[in-house]
Amino acid sequence: MSANKSLMKLHEVYKSFGDNAVLKGASLELSVGEVVAIIGGNGAGKSTLMKILMGIYPLDRGEIFIEGEKVNMSSPSVALEKGIYLVPQEPLLFPNMTVEENVVIGFNENKAVLSAKLRALIKQLGWDIALSRKAATLSIAEQQLVEILRGLLREAKILILDEPTSTLTFNEIQSFFKLMMTLKEKGIGMLYITHRLTEVFEVASHVVILRDGEITVSGPVANFTKEMLIKGLMPDNMVHAKNNREACTVDYTKMPVLKLEALTGYGFNKVSFSVYEGEILGLAGVVGSGRTELAEAIFGKGEILSGEVELLGKSIKGFNTNEIVEKGLNYVPEDRHLNGIFAMADVRLNTTSSILSRLSKVFINKKEEKSVTQKYIDDFRIKVTGQDQTLKSLSGGNQQKVVIGRTLSSNPKVILLDEPTRGIDAGARGDVYKIIYELKKLGLAILLISSDFEEIHELADRAAVMYHGTNDVVLSKAEITLDALTQAAFGC
Amino acid sequence: MLIIKKIFEKREITALAFLVILFLGVGLRNPDFMNAQSITTVLKGSVLYIFLAIGMTFVLLTGGIDVSVGGTLGIAAAVSATMIRGGTSVPVAIVVAILIGLLIGLMNGVGVAIVKVPAIIMTLGMLGIIRGVMIVYTDGKWVENLPDAFKMASQANFAHVNIYFILAIITTILVQFYFSKARTGKYFAAIGDNLEGSILVGIPAKKMIVIAYVLSGLCASIAGVIFASQVGFVTSNTGVDIEMVAIAACVLGGVSLSGGVGSVVGSSIGALIMTAINSALIFLKVPSFWNKSIQGTLLILIVVSDVLIHKYFEEKARKQRLSARAQCLDKSVEDSKDSKDAHISTESTFVGGNGQ
Numbered sequence: 001m002s003a004n005k006s007l008m009k010l011h012e013v014y015k016s017f018g019d020n021a022v023l024k025g026a027s028l029e030l031s032v033g034e035v036v037a038i039i040g041g042n043g044a045g046k047s048t049l050m051k052i053l054m055g056i057y058p059l060d061r062g063e064i065f066i067e068g069e070k071v072n073m074s075s076p077s078v079a080l081e082k083g084i085y086l087v088p089q090e091p092l093l094f095p096n097m098t099v100e101e102n103v104v105i106g107f108n109e110n111k112a113v114l115s116a117k118l119r120a121l122i123k124q125l126g127w128d129i130a131l132s133r134k135a136a137t138l139s140i141a142e143q144q145l146v147e148i149l150r151g152l153l154r155e156a157k158i159l160i161l162d163e164p165t166s167t168l169t170f171n172e173i174q175s176f177f178k179l180m181m182t183l184k185e186k187g188i189g190m191l192y193i194t195h196r197l198t199e200v201f202e203v204a205s206h207v208v209i210l211r212d213g214e215i216t217v218s219g220p221v222a223n224f225t226k227e228m229l230i231k232g233l234m235p236d237n238m239v240h241a242k243n244n245r246e247a248c249t250v251d252y253t254k255m256p257v258l259k260l261e262a263l264t265g266y267g268f269n270k271v272s273f274s275v276y277e278g279e280i281l282g283l284a285g286v287v288g289s290g291r292t293e294l295a296e297a298i299f300g301k302g303e304i305l306s307g308e309v310e311l312l313g314k315s316i317k318g319f320n321t322n323e324i325v326e327k328g329l330n331y332v333p334e335d336r337h338l339n340g341i342f343a344m345a346d347v348r349l350n351t352t353s354s355i356l357s358r359l360s361k362v363f364i365n366k367k368e369e370k371s372v373t374q375k376y377i378d379d380f381r382i383k384v385t386g387q388d389q390t391l392k393s394l395s396g397g398n399q400q401k402v403v404i405g406r407t408l409s410s411n412p413k414v415i416l417l418d419e420p421t422r423g424i425d426a427g428a429r430g431d432v433y434k435i436i437y438e439l440k441k442l443g444l445a446i447l448l449i450s451s452d453f454e455e456i457h458e459l460a461d462r463a464a465v466m467y468h469g470t471n472d473v474v475l476s477k478a479e480i481t482l483d484a485l486t487q488a489a490f491g492c
Numbered sequence: 001m002l003i004i005k006k007i008f009e010k011r012e013i014t015a016l017a018f019l020v021i022l023f024l025g026v027g028l029r030n031p032d033f034m035n036a037q038s039i040t041t042v043l044k045g046s047v048l049y050i051f052l053a054i055g056m057t058f059v060l061l062t063g064g065i066d067v068s069v070g071g072t073l074g075i076a077a078a079v080s081a082t083m084i085r086g087g088t089s090v091p092v093a094i095v096v097a098i099l100i101g102l103l104i105g106l107m108n109g110v111g112v113a114i115v116k117v118p119a120i121i122m123t124l125g126m127l128g129i130i131r132g133v134m135i136v137y138t139d140g141k142w143v144e145n146l147p148d149a150f151k152m153a154s155q156a157n158f159a160h161v162n163i164y165f166i167l168a169i170i171t172t173i174l175v176q177f178y179f180s181k182a183r184t185g186k187y188f189a190a191i192g193d194n195l196e197g198s199i200l201v202g203i204p205a206k207k208m209i210v211i212a213y214v215l216s217g218l219c220a221s222i223a224g225v226i227f228a229s230q231v232g233f234v235t236s237n238t239g240v241d242i243e244m245v246a247i248a249a250c251v252l253g254g255v256s257l258s259g260g261v262g263s264v265v266g267s268s269i270g271a272l273i274m275t276a277i278n279s280a281l282i283f284l285k286v287p288s289f290w291n292k293s294i295q296g297t298l299l300i301l302i303v304v305s306d307v308l309i310h311k312y313f314e315e316k317a318r319k320q321r322l323s324a325r326a327q328c329l330d331k332s333v334e335d336s337k338d339s340k341d342a343h344i345s346t347e348s349t350f351v352g353g354n355g356q
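So the sequences go chain by chain: A and B. Under our numbering, the first residue of the first sequence is numbered 1, with each subsequent residue one higher. Under our numbering, the first residue of the second sequence is numbered 1, with each subsequent residue one higher.
These are calculated hints, taken from the structure and not from any lab test. One should not assume that every hint holds.
[To be verified] Here are the simulated lysine-lysine pairs, DSSO-like style, with alpha carbons at most 27 Å apart:
#, chain 1, residue 1, chain 2, residue 2
1, B, Lys-116, A, Lys-392
2, A, Lys-317, A, Lys-254
3, B, Lys-207, A, Lys-82
[Said to hold, decoys possible] Just a sample of chain B residues kept apart from chain A, beta carbon distances all over 12 Å, derived:
#, residue
4, Phe-23
5, Arg-29
6, Thr-82
7, Phe-165
C-beta: ideal position from N, C-alpha, C; glycine also.
Assemble the whole structure, with the sequences as input and the hints as a guide.
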């Protein structure tokens, strides 16, 4: 294991998507046999950086050196040729192919040789995986293993591991770490993206913090403590005393607006909680803990297997989405682009699209449509040139405001917000928070789904934490701390 | 359930069984359908469809579709027939026909893979262009009076089997061999299966998609020459609606319209079935105006059942995954006790997220 021999160097990398600058001069170095942990918050630019390294995105400015040689990463095949392999967070297998076909595809070598090599590799790793199984039948963890096999069989010199442990069980993680150590001894350099700070100290030799597109902290792991890393992850101006809003005035003696009782469906199991008038209930949890499935089931989009969901004491189980909206529950989905907006349509249509039946008998009442739209534009400070601006041309924050506006136009009593500030810049985030807070004051019951624990901390009156599809933990206002949330969300 | 699943995994087998049942069923009503002459007619008639289905398989595997094959077949037939009638040597005429097919395929491929025109629109537009060009080229007239030698070639037998049919079978086997053994053979299916994933493992997706359309054009032009030889004349309507048969043949043989699944052996068996159905309708004395309606109905039936089966298994797998996640709670609580530490959680998606 020769130290200090540079495998890869990124120099001052810049990347923007439209107006959104994701990377602002990030530099990074990886040496032979080194594990560099990259940590950073939501939208810090980790995934983008890795995709640039893999040749999936072209960089706007900056240089990439592989073993001292400047490389133009124009496509993934260039990256593969240079010995870089990305194990993506969500495995990208070919579901209709067998495990073996999935691993060996894209190789130039003889198939029999590859097959023998693959078998030897699996034996060496001590993994139990049937090569003839179709990838569609594999669990996420097994799919991850297949991805790693792909990288190993390619004899990659640089492995990029994008949160490889987020979907593995504890035992799988331990054997995975052992594997990383053997690879390290072989001189393979690894970029290890993770959210779990403990893992940084367990496997990494260097740690790098990426924040808002810049590397803010970098150095050998030995120089850091966990507290230092947590501090490094927090925004500079973030002080912990931020629950300075007026004390919560939720009346818990009233009948809850939304009440779940042992609700069970695909992806969630026996979930119970209540949301009261004027309350923001934070529904926290990591990706894949079942929050979105739960929300969709409540909204009539997913199947409910057992349990009860009540709106003001009346069951809404088994109703379709239309009826549920009419009864006074509305949902702002997680992925605006996929489920939330009509990108090509104008602001007005987007705002009123869920109440068209109220605005019209046969033809739409244009005047009322305009006044409703204007109300939300004014209330939410949506930055538009006019009601007929297409939604596509608005910024993410303003799009989100329109979506919330539309949801409100149906006069709901309870509203489910699924990751309302995901992919939104800091300024607009403040606006969205303000809107959520005003909704609370209006007496709406709000179920705020978020994996951003700071958001839950800042907004929620109580927090239910999902872990593997259930919520054993409901925290009161005083109990909501980042520590308590993370512990519950990771099942500690 | 497991047995049904197993059978559906081997669609070539079901298709073959369907073919046998078709022959037996129709044979019960009219034994003439099962005699050697009738079978020979079906085999001869299937050659066109087999070639079209082979080319179509490449395109369908990548998740695309090529509805211009009927036009390509027609123009290749018209051009080669005109040249041969005019005294050009047969090999030269074939080469010219094939070049036309390659050119059409290349334009389709570039349009779909690089300009990103939706495949159905690109090839539909191309079909319109070719149809127009063909009428101008033939002046709306039939190309008749082809040399007997050219026509007789389609009647030649080897070991009592039509030589064109043998050619079609050999091509099927070679392509099947290519798909299953060659390094790039799996690329087409990979692209249709998971485009992002295929790019990530270094598959030149755009290039392979272009190649798929070029091969489809190539196969259609070969089918065109065979048509000219078999039928002996070319009308300006040659190849009309034949793309429907080709697509139905592929789907019948187990090629998924959403890409990623299927084999060329299946497609060829599908082509045989489509020919046999046409022939069976004659033996069942169904008026031939119904042929196209029946083909269309069949295509929709196959596709709908295919989609339903797919959706069923997909939904089932998704539910299983989600349930597994929710129910492994007890175990993982046990597991993670050791790692009792603060984690910072955020979220980042790889492909298909907001790209941050």
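Violated hints - listed by number, lowest first:
The structure breaks none of the hints.
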